[in-house]
Amino acid sequence: MTEALALDLALLPPGWPLVLAGLLAGLLPIPIAARNVGFLGLLASLWLMFMAGGAPVLEPLDAALAIAFHLVAGAGLMFAAAHEDRIAIAAGLVATGAACAALASRSLAGLMIWTEVIAIASALIVMAGGTQAAIRAGLAYLLLQVLAGVLLLVGIALGSDGTVTAGAFVLLALLIKAAAPPVHGWLIHAYAAASPTGSIFLSAFATKVAVIALARLFPGEPALIWLGLAMAVLAVIPTLFESDWRRLLTWAVVSQLGVMIAGIGLGTAEALDGVRLLAIGHVVYATLLFVVAGALEMRGGKAPAGLRPFALLAALTIGLPGLAGYLGKAVIGEALIDAGLGWADIVIVVVGAVVFATAGLRPLVEKFGTPGGERLSLREGAAALLLVLAGLALGSFGGALSPQAEAAFHATPLIVQGIALAAAALVMLTPVRRLLRQRPGALGALAVPMPSWVIGAVQGFGRVGAALDAIGGAAAGLIGGGGRLVGHAAVGLARYVSIGGVGDGVLWTLTVLTIVLIVSFG
Amino acid sequence: METLLMIGLLAALGALAVAIAFMDDLLVVTMLSGIFSFTCCAIFVLFDAPDVAFTEACVGAGVSTVLTLAAIRLTGRREKRVGRRASAVGLLVSTVCGLALVYGTLELPRFGDPAAPANLHVAPHYLNESAAEMGIPNVITSVLGAYRGYDTMGETVVVFTAALGVLLLLGGSQSRPLHRGDAPARADRDVILRSVATLFVPMTLFLAPYVQFHGAYSPGGGFQAGAILGGALILYGLVFGIDRLNRLVPERVLQVIAALGVLTYGGTGLVTLALGRNFLDYDALSAGPTGQQIGLTAIELGVFMTVTCVMTLLFQRFASRRSEP
Amino acid sequence: MTTADLMLTAILLPLAAALLIALAGRSPNLREAVTLAAAAGLAFTVWQLIAGFDAGTAPTIALAQILPGFTLMLRAEPIGLVFAGVAAGLWGLNSLYSIGYMRAEHAPRQTRFYACFALALSAAMAIAMAGNLATLFVAYEALTLVTYPLVVHWQTEGAIAGARRYLAYLLATSLVPFLGAILWTWSAAGTLDFTAGGILDGKLGDGALTVLLLLFAYGVGKAALMPLHGWLPAAMVAPTPVSALLHAVAVVKAGVFTLLKIAVYIFGIDVIGRGVGDVLIVIAAASVIAASVIAMTRDDLKARLAYSTVAQLAMVTLAVAIGSPLAIAAGILQLVMHAFGKITLFFGAGAIQVATHKKKLSEIAGIGAKLPLLMASFLVGALSVAGLPPLGGMWPKFLLLEAASARDLYLLIGCLGLSTLLTLGYLAPIFITAVFGKPGAEDPHALPHDDHGHGSGHLPLLALIPPVVTALGCLVLFVAAPAILRFVAPAIGLGVLP
Amino acid sequence: MIAQNAAVLVVVLPLLSAPLVALIRNPAIAGAAALVIAALDAVLATLLLCQTLDGTVISYHLGNWAPPIGIEYRIDLLAAAMACLLSYAATLVALFLPVSLQGAVSPGDRPRLFAAFLLCLAGLVGIVVTGDIFNVFVFLEISSLSTYVLIAMGAGTDRRALTAAFDYLILGATGATFFVIGIAFLYVVTGTLNMADLGERMATAPKRAILVGSSFIFVGVALKAAMLPLHRWMPNAYAYAPAAIGTFLAMTATKVAIYMLIRMSDFVFDTPGEIGRVNFAALLPPIGLAMLLAGSVIAVTTKDLRRLLAYSSIANLGLMLVALGLGGVAGIAAALVNLFNHAIIKGGMFATTAAVLHRRGSTRMEALAGLSKDMPVAFGLLVLGGLALIGVPLTAGFVSKLVVIKLAFDQANWLVVGGVLLTSLITVAYIWRIVEAGMLAVPEKPRPRRDLHPAFILPAGLLGAATLGLGIWSEPMLTLASRIAAQMIGTAP
Amino acid sequence: MSDLVGLFPYWAVIVLMMTGLYIVIAQGNLVKKLIGLGIFQVSVFVLYIAIGVVDGATPPILSPGFNSYSNPLPSVLILTAIVVGVATLAVGLALAVRIRESFGTIEEEDLLPLTMPELPPDGEARS
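Just so you know, the protein sequences line up as chains W, V, C, B and L, in that order. Using the working numbering, the letters of the first sequence correspond one by one to residues 1 to 522. Using the working numbering, the letters of the second sequence correspond one by one to residues 1 to 325. Using the working numbering, the letters of the third sequence correspond one by one to residues 1 to 498. Using the working numbering, the letters of the fourth sequence correspond one by one to residues 1 to 493. Using the working numbering, the letters of the fifth sequence correspond one by one to residues 1 to 127.
Worth flagging that the hints you see were computed from the coordinates, not collected in a lab. This structure is a prediction, so every number in the text was calculated from the model and none was measured. Careful, some of the hints might be misleading.
Said to hold, decoys possible - Chain C is nowhere near these chain W residues, computed Cβ spacing over 12 Å in every case:
1. Leu40
2. Val416
3. Arg439
4. Ile515
Claimed, not checked - Just a few of them, taken from the derived set where beta-carbon distance is under 8 Å, the chain B residues facing chain W:
5. Gln4
6. Asp54
7. Thr56
8. Val57
9. Ile170
10. Phe216
11. Val219
12. Leu228
13. Pro229
14. Leu230
15. His231
16. Arg232
17. Trp414
18. Gly418
19. Leu422
20. Leu480
Said to hold, decoys possible - A partial selection of chain B residues facing chain L, derived with a Cβ cut-off under 7 Å:
21. Phe134
22. Leu145
23. Tyr148
24. Ala152
25. Asp158
26. Arg159
27. Leu162
28. Phe166
29. Leu169
30. Ile181
31. Val188
32. Ala203
33. Thr204
34. Arg359
Even glycine gets a Cβ: it sits at the ideal position worked out from N, Cα and C.
Kindly produce the complete structure, drawing on both the sequences and the hints.
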């Protein structure tokens, strides 16, 4: 493994211009320069990856994902630049680059390295939210991701003697990173706590890389089907009741990740390609949704002119056939049917429809009621447009990426999807939706309070430390006190023998003589 | 008879020592210690050591006592008696130690045993050969001046060192000359004393050279003669006043002569060295016993000079010191 | 120059520099120029040594014989050269930083400061190139003594007490257990020379060897193995460049380096690996965790970093105790990586102090905005220390995990994992508070910045460049680690690397 | 001629010059004379060392009377080396003796003081070179008497010098008398005073008398060697004597007593390391360890630098005794290495202290404040000596400790190993009081930079250099010591 | 009985020694101590001379008609020792005088508190 890693390191990973650009952007004191550096980095990265002979490194689907990452980054950059969010820009660029590198990495070690970088960058993005909650969530995010990284590292280390445990460690690590329950809480809290800009970047990279890694390492792991489905269902329920759009979106993200994991669990070639396609699509539409939601949030909930069309497009991108979100889900569904798990197909379709309804349609209906927000800036518009176009492109040409994609354009999935979407629209566009009463932080209990736990753990260790310290202090005091006591006694004794009148000196002399005499006689 | 005398004298010594221990008047103590010394002299005579008895009489009983008295004048006569914690322990330890030593003596050769190793190994050489080698009858003088002449030189230096020390401590910048009139009670007003002293001092002046030069034949020698002459000068000082003694033999003169005494002794050695022989090898001076006798005479002279002057000097330093702080 | 000449140069150059510095005391510029020149010269010399190193022809230089069998001699070998390289390389940076720091703080007694610094480097070089335990001991003691004036630099009451503690711990451990262990070794093996494969195998029973190893582990007080770590936090009374020196360049590093040398060349890696080091494994692992959790309780930045050092360097001890080539390799890398990481952190803490006059975690909320580059460096350093990729710090952690798994020490694996998290647990808050914290939010008593006068926010360039460079170093080392491994592999019997 | 008679001249030269020096009125001339004489004596001693280096034992018959009839000077390598130590110490001290007396002793008294100094030297050398046990006593008295007086001369700066001298006088006289009593007991059963002869004849002598005699001698010498608990005279003597005299005593007085111990155990009696038929050697390590501890512990609490150094000397004497007690060639060699090295180290420190006293008028700890600023050289020398006392490598002190510990290790004497190692720590504590007092304490008022008076530079510097030099290049000292030890064991009956 | 007589001088000497030392130990007055020391030393003289005695012999002054002499060597040694004793006494007394002048007392009890090592230096030169 050391050897493989060494080899990995010998080549510059794809995406390095982005990492560099990110670092520069973070440190350059001028905001404009930071942004432009970011764009330059994006272009350079793309050029290096696809036009300078770097392409063969990536399979088509991975390449598409990489491009999607770049697009997301570009969109995020535009959006972020509009809001002068430098740390988010820098960290986002780094994360993008790392995500590309992770995709290109052929070794577990390489994967581990780049996921760590993504994790660190993402944690920074979360914390850049600036609120107390963001910082706590960010710290929890960091520690959990690092925990996952450590598990991965342990897995790799154990892997050197080829035991089964090694695999378990790696799987566990990747599941944490993919926000599988019961450790999905970090994602909910982190994304929600991040700034709007931050959440744009966050939604794209970390989990997708984990999913891709799972797809590569654990295809056909049956347990994952169940896990994935449970995740999808469990996470979609809160979307029905959550009123905070971005928080709602985070639940939707988890839900969609569940779908992907289920696909990985199935493990057929069709399913895996579906997972990849869904990942690509999800990157696009989730980001788009976050852009829209972010833009709205930035204006305090007052809708600016020109945002509503984007919201509509975003909603459609989630599931409308021909747009980004549909393709992957459909292919996975077909694969499920092929594997005789038709009921599971129903589940994912329903979940998808619910997401479409709750994340896309309902906000469209309800959130744009208060106009008067500041006009949508050119950059925000450009960001959204870029993503919309990306979704369109993927939906249109996505089929070319994989031979399995054709399955999505069979009648069955189209019909099923159509019915589902229609039903969703029906519910959401009519007052029926009012039956689902919404409030912020609804069903929060489902979003396991991870940050509190993590912070609690940290504080707990701190308390242990304080206790240890106290014990050490007490021990040192005791030893010191004892030492002083012995010292004083020794000094006293020595002084008694050493200091005094000459008469005593002679007495000592005589005593010594007596002792010596008696000893020598004896 | 001798045995009984010995036992009696030794017992007297013990009694005196105990008495000294329990007296708190230092003047009395000093006098007792003088008596103690004299008793010792008697024992030494009894033990066939007239030379030692002679010296002890001059030095131990005489000079020491006078010096102590002179010192007591300066330090106070009464001892402050305080119950000392150490005394009980001291008594205990002394007793135990004494008993241990008594045990240790049990295997010693008996007193007066002619077959004791000490009497068989080196001493016979002195007794048997010194007549031929030295040509003088007093073996003690032979041993002192020739066989162990180097020890004696060391001894002379010790005496000189004492003088040097007392000069450093009480002389030079540390001297506290007597004010006019506060000299110690002058005894020269006492007619009897003065008369006796007038008689004694010249007599001792004659006695000293006799002891000096007759040392080869009878008990005596440089030490004794020096002590006698020194004692005479001290007596002179005691009776006629320290000022007159100081004028008679100024400190500087005494110091020079004392130094010269040491140098005479050492010089003899150096001369023998220069003559190509070992240090203090009197054979270098002349062949046979003559050389030895020349050497002995020279070194005895040196001893005499040093001892006389040092004894006087010591007394001078104590006696001519102002007592009040 | 021959290798022998180079070795002597490496030791004598800083020594001569110390002399010149003392002579140039009147002119600060000249004095500091001498320091920098010497640092450059030393770095070049050590680089020459490393580049030209050839195990086959490495000479032995006998210097003096203190007792028959207790000789002073030098011999270059890979582990020592790595240590020398780190120390020599970081000296220059530390000097640059010192200039920035000390001038900004208007510190007194700077001549003594620079001279002692040079002396410390000379001692460190001698430690690195020691050819036997005797030489190593001598240089080790010298290092303790010449760093004392550095620690006590401010000469305040606190500084005196701290320095006293520093000295007491280091001298006490070195004069009793360390010297005792050396003599025991000498008595048992009849030699003190560093020999490949060790000199003790078969000379003492495993029980005795275990005791001896513990004597060494605690005797080398500089390694700060708990519970004899107290000197390290106490020594934080020193000026920050000195703390950086203590932790990163010379003192603690010298300690763990000594342990490495003893493990490799006195005990023999295999000997330790067969069970002799097991007790030490437990102690070292406990030390790692305990020091980490205590670090979390420290508000003073430097104290926090000090406990961090205790924890991180216990890992080297741990590596020694595991006793396999892989573990030793991990130890060596940890020595290098921690050097760069921790010096970055200390530079950071010192720079914060220079710029804002703040020393405590509870005071630094929000200062990061003014010092982006510094905080970025700090972050990199922290992550490297924690062992996250793609920073050098990952390598030793990883190799340790591998070594532990090879010996089926699962509990240890858990400890190591936990330690990474704990490391972040105590280091991340510094960065987070500084960058994301709201001034005054956490400490209601914090004063507005302007009250702190001239220092606020201004950071001399000389205090900024070094941390940036070392942070980059952490990155570079991630890539360069295999090269280091290849360099030391023959010495420790590590399998072939590409 | 001088070469043949060097054996006796080395004693006689200072002995006979002393009266002359005492007569000189001009203190400057007297001081110079004392220096010249000490230096000449050093030349003579060196001559002796050269003559004995090949293993020759010089037997010089005083008065040309063959032993045991007459007194013999018997100079083996040990005696010659000791004579060198003594005379070189005297020379170095004589260099700054006049300067250090400024303000303490009035000029008029100084010539006599120089004379006493020479007598002290002569007495000590006399003890060392003689082969006759009673002659030892005579010269012991010469040196002791002059020492009492020299110590009392410190009264100019501290009146406690007087009581210190008096205490030493009582104890010293008691010890010397013990020695004479011991001689009596030995003489009564052997009939001889020549040490070599005595050794031979003791084999057939009654045992109990030998026991009593050797016990007395042992205790008498132990008193002079400041062996615990008979050390009470020593700190006061060193601390209150004029600084230069303290230096000389620290370098020589107790060393000579240790020499006597070695000599008695070798020359007179059966086995090296044993005195009489009793294995006193067994007593030495515990006594030595107790001294190490007690000396160091008190040194930590003292408030005066010279007193501190004196207590430290007790600790170091303890180390020598420990080494001696370990026995054998190696033990004696180790003791000798310690003896010489300690003389050098402590001499350097005392000389530097004298220089400090000369400038500051006090050696109390608080008087040292600011020393590193205004007397950097002196401070450096003090620290160097201190490090040597601790046993820091590259100093002579390290070699000293190392030989002892190594020996104890080889003999698996863990008590000694532990004790010696542990006391190093206490040493650190008291040495660091000096460092902190000199470097860190803030003086009440800044002083101008005035370093050592030139007179001190050579002696303090030389001793400092030797401290370092013998720490790095210890071979000559080790060779010398082991040669001496081998010779002693070889000549033992 | 002969043993008793034959050893009696030694025992007497021992008693003297111990008495002398006891005075030094137990008596606080410095002059008294010196006197005690003197007794101690004199006891040694007696010891030596007793060693040299030979039954029925005469003092070692050679003269015709006698052929048994006592041992001369102890006498010689003691001559030396006596001188040493007086020298020591003289220096001791001089010291006692100076102590009395400096401290105002020569009693050990009174001197101890005045000579504690902790006290600051009190030089005569300055006072």
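Does Asp54 (chain B) meet its interface restraint, that is, does its C-beta lie within less than 8 Å of any C-beta in chain W? Interface hint status for Asp54 (chain B): violated (38 Å vs cutoff 8 Å).
Minimum beta-carbon distance criterion (8 Å), Trp414 (chain B) to chain W: 20 Å, violated
Over 12 Å to the closest beta carbon of chain C is the bar; see if Val416 (chain W) clears it. It holds; Val416 (chain W) is separated from chain C by about 44 Å at its closest Cβ, greater than 12 Å.
Chain W contact restraint for Val57 (chain B) - C-beta distance below 8 Å: Violated, about 30 Å.
Have a go at the Asp158 (chain B) hint: is there a Cβ in chain L nearer than 7 Å to its own Cβ? Given a least distance of 4 Å, the restraint on Asp158 (chain B) holds.
Hint check: 8 Å Cβ-Cβ cutoff, Pro229 (chain B) to chain W: For Pro229 (chain B), the interface hint holds, since the closest Cβ of chain W sits about 5 Å away, which is under 8 Å.
So, as I understand it, the hint says Leu169 (chain B) touches chain L; can you test that by seeing if any CB pair is closer than 7 Å? Since the shortest Cβ distance to chain L is 5 Å, the answer is holds.
Regarding the hint that Gly418 (chain B) lies at the interface with chain W, is the smallest CB-CB distance below 8 Å? Violated, about 15 Å.
Closer than 8 Å between Cβ atoms is the bar; does Leu480 (chain B) clear it against chain W? Give me holds or violated. 32 Å, violated
Next item in the hint list is Leu230 (chain B). Is there a CB on chain W closer than 8 Å to its CB? 6 Å, holds
Is the interface hint satisfied for Arg159 (chain B)? The criterion is a beta-carbon contact with chain L at less than 7 Å. 4 Å, holds
Less than 7 Å between beta-carbons is the criterion; does Val188 (chain B) satisfy it with respect to chain L? 5 Å, holds
When held up to the earlier numbered hints, the structure conflicts with 5, 6, 7, 8, 17, 18, 19, 20, 32, 33, 34 and fits the remainder.
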